[in-house]
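Asks: Chain by chain, the residues run as shown.
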Amino acid sequence: MSFLVTARKWRPQTFEQVVGQEGAARTLQNALRAGRIAHAFIFAGPRGVGKTTTARLLAKAINCIKGPTPEPCNQCVSCQEIAEGRSLDVLEIDGASNRGVGEIRNLRENIRFNPVGSRKRIYIIDEVHMLTIEAFNALLKTLEEPPEHAIFIFATTEMNRVPATILSRCQRFDFRRLTAPEIAGQLRHIADHEGLKADDEALGLLARRADGAMRDGQSLLDQMATFAPEGITAEQVRTALGIVPEDLYFRASDLVFGRDMAVVFEIVDEIDTRGHSPREFLRGLCDHFINFLKARDAKSAAFIEAPLDVAKRYQEVARKLELNDLLRVLAILQEAFTDIRRHPNPRLKLELTLLRLASLEHTEQIEELLANLRGENPQPSRGFQGNQTPPRSGIKPKPAAESTPKPLEPESKTTAATAPTPRPAVAISTATWDLDYIRQYWHQIVDQVCEGRGVLACQLKLGRPERLEEGFIVTSFGSDLHDLQLERLQKVAVSGGFDQGLQTAFGSPVRLRFERHAAFSPQETTASTQEADPLDQEVMRRLGARPIG
Amino acid sequence: MPLERLIDQSRARILIERMVQDSRLPHALLFWGPAGSGKSVAAIELARWLNCREGLAGPCGQCNSCIQFKSLEHPHFSYILPLPGKALVNSEEGELTEAGASELSNIFARKAEEPYGSAVYPGGQYILIGQIRALLQWASKRSFEDLPRVALIDRADRLREEAGNALLKLLEEPPPNFILVLTAQSQEDILPTLRSRCQAVEFDRLRTESVERFLTRHGQQETDARRLSRLCGGDLSRGLNFASQPQVADEFHELAINIVRHSLGRNPIEFDALLEQWNHLGLADQLIVLEITATWLRDAAVLQALGPQAVKRLMHLDRLELLEKFVVNCPEADFAAAVAKVDEACQHLEGNALAPLTLLVLSRELYRAVYHRKPV
Numbered sequence: 001m002s003f004l005v006t007a008r009k010w011r012p013q014t015f016e017q018v019v020g021q022e023g024a025a026r027t028l029q030n031a032l033r034a035g036r037i038a039h040a041f042i043f044a045g046p047r048g049v050g051k052t053t054t055a056r057l058l059a060k061a062i063n064c065i066k067g068p069t070p071e072p073c074n075q076c077v078s079c080q081e082i083a084e085g086r087s088l089d090v091l092e093i094d095g096a097s098n099r100g101v102g103e104i105r106n107l108r109e110n111i112r113f114n115p116v117g118s119r120k121r122i123y124i125i126d127e128v129h130m131l132t133i134e135a136f137n138a139l140l141k142t143l144e145e146p147p148e149h150a151i152f153i154f155a156t157t158e159m160n161r162v163p164a165t166i167l168s169r170c171q172r173f174d175f176r177r178l179t180a181p182e183i184a185g186q187l188r189h190i191a192d193h194e195g196l197k198a199d200d201e202a203l204g205l206l207a208r209r210a211d212g213a214m215r216d217g218q219s220l221l222d223q224m225a226t227f228a229p230e231g232i233t234a235e236q237v238r239t240a241l242g243i244v245p246e247d248l249y250f251r252a253s254d255l256v257f258g259r260d261m262a263v264v265f266e267i268v269d270e271i272d273t274r275g276h277s278p279r280e281f282l283r284g285l286c287d288h289f290i291n292f293l294k295a296r297d298a299k300s301a302a303f304i305e306a307p308l309d310v311a312k313r314y315q316e317v318a319r320k321l322e323l324n325d326l327l328r329v330l331a332i333l334q335e336a337f338t339d340i341r342r343h344p345n346p347r348l349k350l351e352l353t354l355l356r357l358a359s360l361e362h363t364e365q366i367e368e369l370l371a372n373l374r375g376e377n378p379q380p381s382r383g384f385q386g387n388q389t390p391p392r393s394g395i396k397p398k399p400a401a402e403s404t405p406k407p408l409e410p411e412s413k414t415t416a417a418t419a420p421t422p423r424p425a426v427a428i429s430t431a432t433w434d435l436d437y438i439r440q441y442w443h444q445i446v447d448q449v450c451e452g453r454g455v456l457a458c459q460l461k462l463g464r465p466e467r468l469e470e471g472f473i474v475t476s477f478g479s480d481l482h483d484l485q486l487e488r489l490q491k492v493a494v495s496g497g498f499d500q501g502l503q504t505a506f507g508s509p510v511r512l513r514f515e516r517h518a519a520f521s522p523q524e525t526t527a528s529t530q531e532a533d534p535l536d537q538e539v540m541r542r543l544g545a546r547p548i549g
Numbered sequence: 001m002p003l004e005r006l007i008d009q010s011r012a013r014i015l016i017e018r019m020v021q022d023s024r025l026p027h028a029l030l031f032w033g034p035a036g037s038g039k040s041v042a043a044i045e046l047a048r049w050l051n052c053r054e055g056l057a058g059p060c061g062q063c064n065s066c067i068q069f070k071s072l073e074h075p076h077f078s079y080i081l082p083l084p085g086k087a088l089v090n091s092e093e094g095e096l097t098e099a100g101a102s103e104l105s106n107i108f109a110r111k112a113e114e115p116y117g118s119a120v121y122p123g124g125q126y127i128l129i130g131q132i133r134a135l136l137q138w139a140s141k142r143s144f145e146d147l148p149r150v151a152l153i154d155r156a157d158r159l160r161e162e163a164g165n166a167l168l169k170l171l172e173e174p175p176p177n178f179i180l181v182l183t184a185q186s187q188e189d190i191l192p193t194l195r196s197r198c199q200a201v202e203f204d205r206l207r208t209e210s211v212e213r214f215l216t217r218h219g220q221q222e223t224d225a226r227r228l229s230r231l232c233g234g235d236l237s238r239g240l241n242f243a244s245q246p247q248v249a250d251e252f253h254e255l256a257i258n259i260v261r262h263s264l265g266r267n268p269i270e271f272d273a274l275l276e277q278w279n280h281l282g283l284a285d286q287l288i289v290l291e292i293t294a295t296w297l298r299d300a301a302v303l304q305a306l307g308p309q310a311v312k313r314l315m316h317l318d319r320l321e322l323l324e325k326f327v328v329n330c331p332e333a334d335f336a337a338a339v340a341k342v343d344e345a346c347q348h349l350e351g352n353a354l355a356p357l358t359l360l361v362l363s364r365e366l367y368r369a370v371y372h373r374k375p376v
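Top line first, the protein sequences correspond to chains A and B. Here the first sequence is numbered in our numbering, starting from 1 and rising by one per residue. Here the second sequence is numbered in our numbering, starting from 1 and rising by one per residue.
Calculated from the structure, these hints are not laboratory results. Mixed in with the good hints there might be a few duds.
Straight line, CA to CA, 25 angstroms or less: simulated SDA-like cross-link-like pairs of lysine to any residue [as the list claims (entries may be wrong)]:
1) B:K374 to A:V317
2) B:K86 to B:H372
3) A:K141 to A:R177
4) B:K86 to A:N98
5) A:K294 to A:D272
6) A:K66 to A:G185
7) B:K312 to A:K320
8) A:K491 to B:H372
9) B:K374 to A:G507
10) A:K294 to A:T273
11) B:K374 to A:L360
12) B:K141 to A:A164
13) A:K320 to A:R341
14) B:K374 to A:K66
15) A:K9 to B:L136
16) B:K374 to A:A234
17) B:K374 to A:Q503
18) A:K294 to A:F265
19) A:K9 to B:K374
20) B:K70 to B:A57
21) B:K374 to A:H517
22) B:K141 to A:G185
23) B:K374 to A:Q490
24) A:K320 to A:A234
25) A:K312 to A:E322
26) A:K461 to A:G471
27) A:K197 to A:R176
28) B:K374 to A:D269
29) A:K294 to A:L323
30) B:K325 to A:F265
31) A:K197 to B:R24
32) A:K9 to B:K86
33) B:K312 to A:L248
34) A:K312 to A:A234
35) B:K141 to B:E73
36) A:K320 to A:D339
37) B:K86 to B:N64
38) A:K320 to A:G100
39) A:K197 to A:C170
40) A:K9 to B:Q277
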């Protein structure tokens, strides 16, 4: 019944066996060889990379009968006692449960006594970052000048929480995260010696999932050994760890590019029935879209972690994609990935994230847009398949529901017929709008853009669209707009306050820029073009009034 | 049959059974998965099985040990759950106050009777370092018989930081025949140093049909069982709660939908009434209501995207007519954004935001998401 997990069974017993921490191991061994052993060490690094292990090794090496030796013999009484955790001279203290000043005072009392049978009395304090601040301070004096026979070894995952006064009294060793090949290599070694059959791809998958920690890799190996006692294959690893097959990701990205809402639910259903966790799927989907990003460039394409044929597939699809679209998708995925962790219903979150991605409008390059503006480039730009917005709703709205503001429906069809007939399109289509058009419908555009922010709208209406410039509508203002007001408008524009409105009005990302135009007076426009509100005109006519600015 | 009281969870079940039968049971397990999916049930069943004298086929239900497990009072089993500081004499030490001890034994008695019910100590937010110190002490004593001792740390994401760190050494190298089972809703919620010492076993959300079957077996009418199982979204503990007080379930359901309706209608009188009802709820209930609101909006999103073929995917089938009306009347609505706003509101509530204020903000955001303009 007593089963020893791999991580404990295969805890390295010599410095040589410690994987991936050559720097720390070599320095310590040199110090042992030269007999220049400091009286306090601190080992820092992420979980499961060998801190406690190295601390015990160091203790063994120092107290070994043949020592101090660069490599403990593991034969002598002292080595064996330490390995079994019953040495009287190596005290392993759990810093997290003995973290108060009281425990440290005890330690200070006891440290005076000479070692029982060994060379040195060694205190290993694990999780040292959990000591209280008083406990740390109580330790300072002892740590600076401990008795001849005492050595401290601290291990921690959170170096930043250890006070600088402690750090400066210790020799510091940083333990690094392990690479996937290092973990895979060790897992291979263990599997061979344990008589576990496992293929390389399977171990590679486990190593990648271990995320830099050997112990995690070993736990995963244990789990797989239970799951597949007759031999571990990549396929079984995928099943056991819920790794989603690539094909599902490609289908998900197709739906994003193709904007097919119905497929969203099919995919989520499939993920559910196959037993993948939604969060895992989102994680994979992030990687998947990052692969597209990598695939856009031949140089970075080499970094795609996938078989060759799959990498090719990435490159084929990536050719058709816009950088901005990918970045936007990734931003949404990242956000969803963090949110889904605490979400009470991950499946629902996944559904909605995919829905949101599937309904993303395709961004247009500003350059192209401008070219379109000038009528130079009438072809639709490349990008998401089907550049046309599909109907948002599967259910046809009843006509009664028309009260929501329709983007830029010029209400004044009766006005000057000389202008090119405006298209009452849902969004202004690219070819037809130019400066004249914008000027003519400026007030309606502003109403649309400001979405009921009355003050801003009034102020914007004072301006006159001057020219189009790199995706900006440059609007100039005369003396009737106060500097402060202009400043405020600029702030709103810079912070993107108009962007959404502009997006709905123009159907593409356009921005506003403002400038001063001293010689400009807004009355001109109202007078010269007859686009003032018909109601205003009527009022003016009846009362003999005139606009004052 | 081993783990007989566990519903569904075929993957986790196979894994655990193989671990025991092949004698490869690690000393530290992390059961993770959604709330009410049976993580603690599996842990209790595992402890019962390991301690049964009658061999590997599963707990016999007859022997002394099995009988002791019927009340969850077994010398080889320790159940740790978040407690409020006042349940302990001193939060640094594990000793329970008299009231705390009697409340706990009530909770265990209920849990023993219905393992899928939730075991929550009222006001218990965190697992305190005192509880872990008591556990360390228990672990350091010799086992009574040569059978495995099991410690279940329920909701390990609620371990206070110092408590979690205090657990590390035990979790890495416990005494022989000592098994720790941690449960959490997601692996990321617990300290990475704890996680890396455990073997993780994933639990899936229960299927609606399984919840429905369970509720029917436990004396619910079939139609009620169906409705409740959809409403609780695979969380059987919540399903049982709803089943025991059906009027509360109805009230929550109604309130959840009304939050959307009154946010869009913006009739101040109706909204005031809503706010009053809202203020009467506790935080946990408010979160449940908002979760239901989220599913309601999600249904709207599905209906909007798929049209009539969405019907089989809906969670609020019993309110289909209202839902259809809602979707048709708001053709431009961005329901996905609306759900995101509900999630945000939940986070604010969990972060101790003022409940009425949160609802007000939410209502404005919902309006904006549905109508694309500022509320008046």
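Asks: Evaluate each hint against the coordinates.
Replies: So, going through the hints one by one against the coordinates:
1. B:K374 to A:V317: Given pair K374 (chain B), V317 (chain A) is violated - Cα atoms ~40 angstroms apart, limit 25 angstroms.
2. B:K86 to B:H372: violated (49 angstroms)
3. A:K141 to A:R177: Violated, at about 33 angstroms.
4. B:K86 to A:N98: Measuring from Cα to Cα gives roughly 23 angstroms; hence the hint holds.
5. A:K294 to A:D272: violated (29 angstroms)
6. A:K66 to A:G185: violated (31 angstroms)
7. B:K312 to A:K320: violated (36 angstroms)
8. A:K491 to B:H372: Status holds; Cα separation ~22 angstroms.
9. B:K374 to A:G507: holds (20 angstroms)
10. A:K294 to A:T273: violated (31 angstroms)
11. B:K374 to A:L360: OK: K374 (chain B) and L360 (chain A) at ~22 angstroms, within 25 angstroms.
12. B:K141 to A:A164: violated (38 angstroms)
13. A:K320 to A:R341: Distance of about 32 angstroms is beyond 25 angstroms: violated.
14. B:K374 to A:K66: violated (80 angstroms)
15. A:K9 to B:L136: Given that 25 angstroms is the threshold and the Cα spacing comes to 23 angstroms, the pair holds.
16. B:K374 to A:A234: violated (53 angstroms)
17. B:K374 to A:Q503: holds (17 angstroms)
18. A:K294 to A:F265: Answer violated: K294 (chain A) to F265 (chain A) is near 28 angstroms, above 25 angstroms.
19. A:K9 to B:K374: The hint is violated at about 64 angstroms.
20. B:K70 to B:A57: Measuring from Cα to Cα gives roughly 19 angstroms; hence the hint holds.
21. B:K374 to A:H517: violated (32 angstroms)
22. B:K141 to A:G185: It is violated: about 39 angstroms lies between the C-alpha atoms, which goes past 25 angstroms.
23. B:K374 to A:Q490: With a Cα-Cα distance of about 21 angstroms, the restraint between K374 (chain B) and Q490 (chain A) holds, given a limit of 25 angstroms.
24. A:K320 to A:A234: violated (32 angstroms)
25. A:K312 to A:E322: holds (18 angstroms)
26. A:K461 to A:G471: Holds - the C-alpha atoms of G471 (chain A) and K461 (chain A) are around 20 angstroms apart, at most 25 angstroms.
27. A:K197 to A:R176: violated (29 angstroms)
28. B:K374 to A:D269: violated (36 angstroms)
29. A:K294 to A:L323: Status holds; Cα separation ~11 angstroms.
30. B:K325 to A:F265: Holds, at roughly 22 angstroms.
31. A:K197 to B:R24: Holds, because 16 angstroms separates the two Cα atoms, which is no more than 25 angstroms.
32. A:K9 to B:K86: violated (42 angstroms)
33. B:K312 to A:L248: holds (23 angstroms)
34. A:K312 to A:A234: holds (22 angstroms)
35. B:K141 to B:E73: holds (18 angstroms)
36. A:K320 to A:D339: Answer violated: K320 (chain A) to D339 (chain A) is near 30 angstroms, above 25 angstroms.
37. B:K86 to B:N64: This hinted pair is violated, its Cα atoms lying about 34 angstroms apart.
38. A:K320 to A:G100: Between K320 (chain A) and G100 (chain A) the Cα gap is close to 62 angstroms, so the pair fails against 25 angstroms, i.e. violated.
39. A:K197 to A:C170: violated (44 angstroms)
40. A:K9 to B:Q277: This hinted pair is violated, its Cα atoms lying about 59 angstroms apart.
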